[in-house]
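J.: Take the given structure of chain A and dock chain B to it, following the hints.
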Amino acid sequence: MRMFNFAKRNFKELIRDPLSLIFEIALPIFLLFIFQQIKIPGDTYKLENFTPGIIVFGFSFITLFTATLVAKDRSSSLLIRLGTSPMRAYDFILGYIFSLLPIVLLQDVLFFVVACLLGLKITFNIILTILISLVISVLFIALGILIGSLVSEKGAGGVGSVVVQLVCFTSGMYFSKDLIGKGFAVVCDVLPFEGSLNLIKGSLNHNYALISVNDIVVFTLYTVAVLIAAIFVFQKKMLNANK
Amino acid sequence: MVAIEIKDLTKKYKDKTAVNGLNLNIEQGELFALLGTNGAGKTTTIKMLSGLILPTMGSIKIQGMDMTKDTFRIKSILNVSPQETAIAPNLTVKENLDFMAGVYQIKDKDRKITELVKQFKLEDVLNKRVKTLSGGWQRKVSIAISLINDPQILFLDEPTLGLDVISRKELWQVIQGLKGKITVILTTHYMEEAESLSNRIGIMANGNLIAVDTVQELIKKTKAKSFEDAFVNIVTGGKLA
Chain A
1 MRMFNFAKRN FKELIRDPLS LIFEIALPIF LLFIFQQIKI PGDTYKLENF
51 TPGIIVFGFS FITLFTATLV AKDRSSSLLI RLGTSPMRAY DFILGYIFSL
101 LPIVLLQDVL FFVVACLLGL KITFNIILTI LISLVISVLF IALGILIGSL
151 VSEKGAGGVG SVVVQLVCFT SGMYFSKDLI GKGFAVVCDV LPFEGSLNLI
201 KGSLNHNYAL ISVNDIVVFT LYTVAVLIAA IFVFQKKMLN ANK
Chain B
1 MVAIEIKDLT KKYKDKTAVN GLNLNIEQGE LFALLGTNGA GKTTTIKMLS
51 GLILPTMGSI KIQGMDMTKD TFRIKSILNV SPQETAIAPN LTVKENLDFM
101 AGVYQIKDKD RKITELVKQF KLEDVLNKRV KTLSGGWQRK VSIAISLIND
151 PQILFLDEPT LGLDVISRKE LWQVIQGLKG KITVILTTHY MEEAESLSNR
201 IGIMANGNLI AVDTVQELIK KTKAKSFEDA FVNIVTGGKL A
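Protein sequences appear in the order of chains A and B.
For the first sequence, position 98 (counting from the first letter as 1) is numbered 98 according to my numbering, and the numbering increases by one without interruption.
For the second sequence, position 119 (counting from the first letter as 1) is numbered 119 according to my numbering, and the numbering increases by one without interruption.
Looking at chain A on its own, in the form it has when it is part of the complex (with noise of 0.2 angstroms):
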């Protein structure tokens, strides 16, 4: 299958960049550390909510590095030898995606470990949240095809620094929307990163209560619409490489 040796070639290109496995992997852990060590007061930083947070946090550098990736290869002509190929643009798509989804569970994997070690309980839910952050990490992935399909390889690194910064403010990973005010509360709603990080708290405690109705449509419109983006935007690059 043409997208899964697409996929073992991606895999290697972005295991063999140093630089992606530290933001991917190690500044997360770092992370999740560092914060059960200051102690802050509130629920936010508890690990069975910090931990969701930082597994989100950890697929805004996926799309960072994904959208290093796709404006990488658009910018070294491999995706002018690979567009002459019998490549289609689904193979182009899933090999991207399928390229990821290693990483992304070596993530959670990792997290969890790290999670468990500082005191979080083992248990079942784990597994599960693990499952469903595999599917929410589709959005990320895509989102960083979209941006390396549109923008050049300095580009991409400038884009994917956004969307970190905005998964850090809108999320909710380290204050609640409310804090900031309405209007901020209106965007962090409208934004998929917020209801993204409810999925996987909710599943993480077994509380299903944490994720509303606009959680499960924002981030499904946001899906099935960057997913089909990517796919319209880079099939279209493809075909006019030499623009």
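Derived by calculation from the structure, the hints in this document are not laboratory data.
Hints may contain errors.
To be verified - Just a few of them, taken from the derived set where beta-carbon distance is under 10 angstroms, the chain A residues facing chain B: (1) Arg2; (2) Thr84; (3) Arg88.
To be verified - Quick look at which bits of chain B chain A covers, simulated, 3 or more residues with Cβ under 8 angstroms: (4) 46–54; (5) 66–76; (6) 87–98.
C-beta: ideal position from N, C-alpha, C; glycine also.
T.: Okay, now just chain B, sitting in the frame of chain A:
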């Protein structure tokens, strides 16, 4: 037998016409060199012939198959070595060959990889990551990769650009060896390369194919002393002859 049949091929970008009504037949096993100054439309032509970009007008038939209807069948019998080295930088040479063999779903890929390694003398760099290799080696690997699927049609876009004299001569030998077996369309800025390798030459200027013939005939028609003079004469309309 005609391998490539091009009729009224045109590519327009807003106000600019990159390729203008190109008509050309290329025979099976022929090595056809496409020459022209920068921006003449050579690369755009190759991108259309290889199915990478869609023409604005006109038709392309490869081995009798229509490019718009049989795109994926056509793509499995051709290959391209783009102008810039098109390889995965963090993968080793062997991994790159293996990856591209997977793209074309080559059944006996180990045999094919071994054959290419021998042909391009890649033994010493086989397990090195491509990004650590010199530009010349990267180009060699890029061209080796373009032969992974035993293409019937091969597009070489400035294949020897940036290579030293020895590497260039070695590559010429490889390209010479392909003559008669597969149809090769080569673009180059090196006149001696086109002269020494090709059966026929097409010269493009401002998106138009302004001359097609053998080296000898082009020299004869322009009454030039060398092929380079003939080329300059044709492209400048005799102003710089």
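J.: So, for every hint listed, does it hold in this structure?
T.: Hint check:
For Arg2 (chain A), the interface hint holds, the least distance from its beta-carbon to any beta-carbon of chain B being 6 angstroms, beneath 10 angstroms. Look at Thr84 (chain A): its Cβ gets to within about 4 angstroms of chain B, closer than 10 angstroms, so that hint holds up. The interface hint given for Arg88 (chain A) is met, as the beta carbon of that residue sits about 7 angstroms from the closest beta carbon of chain B, less than 10 angstroms. With a cut-off of 8 angstroms between beta carbons, the stretch 46–54 of chain B has 6 residues touching chain A; three or more are needed, and the interface restraint holds.
Check on the stretch 66–76 of chain B: 3 of its residues sit with their Cβ under 8 angstroms from a Cβ of chain A, so the three-residue criterion for coverage holds. With 6 residues having a Cβ less than 8 angstroms from any Cβ of chain A, the stretch 87–98 of chain B passes the three-residue criterion, so the hint holds.
When the structure is compared with the earlier hints, no violation turns up for any of them.
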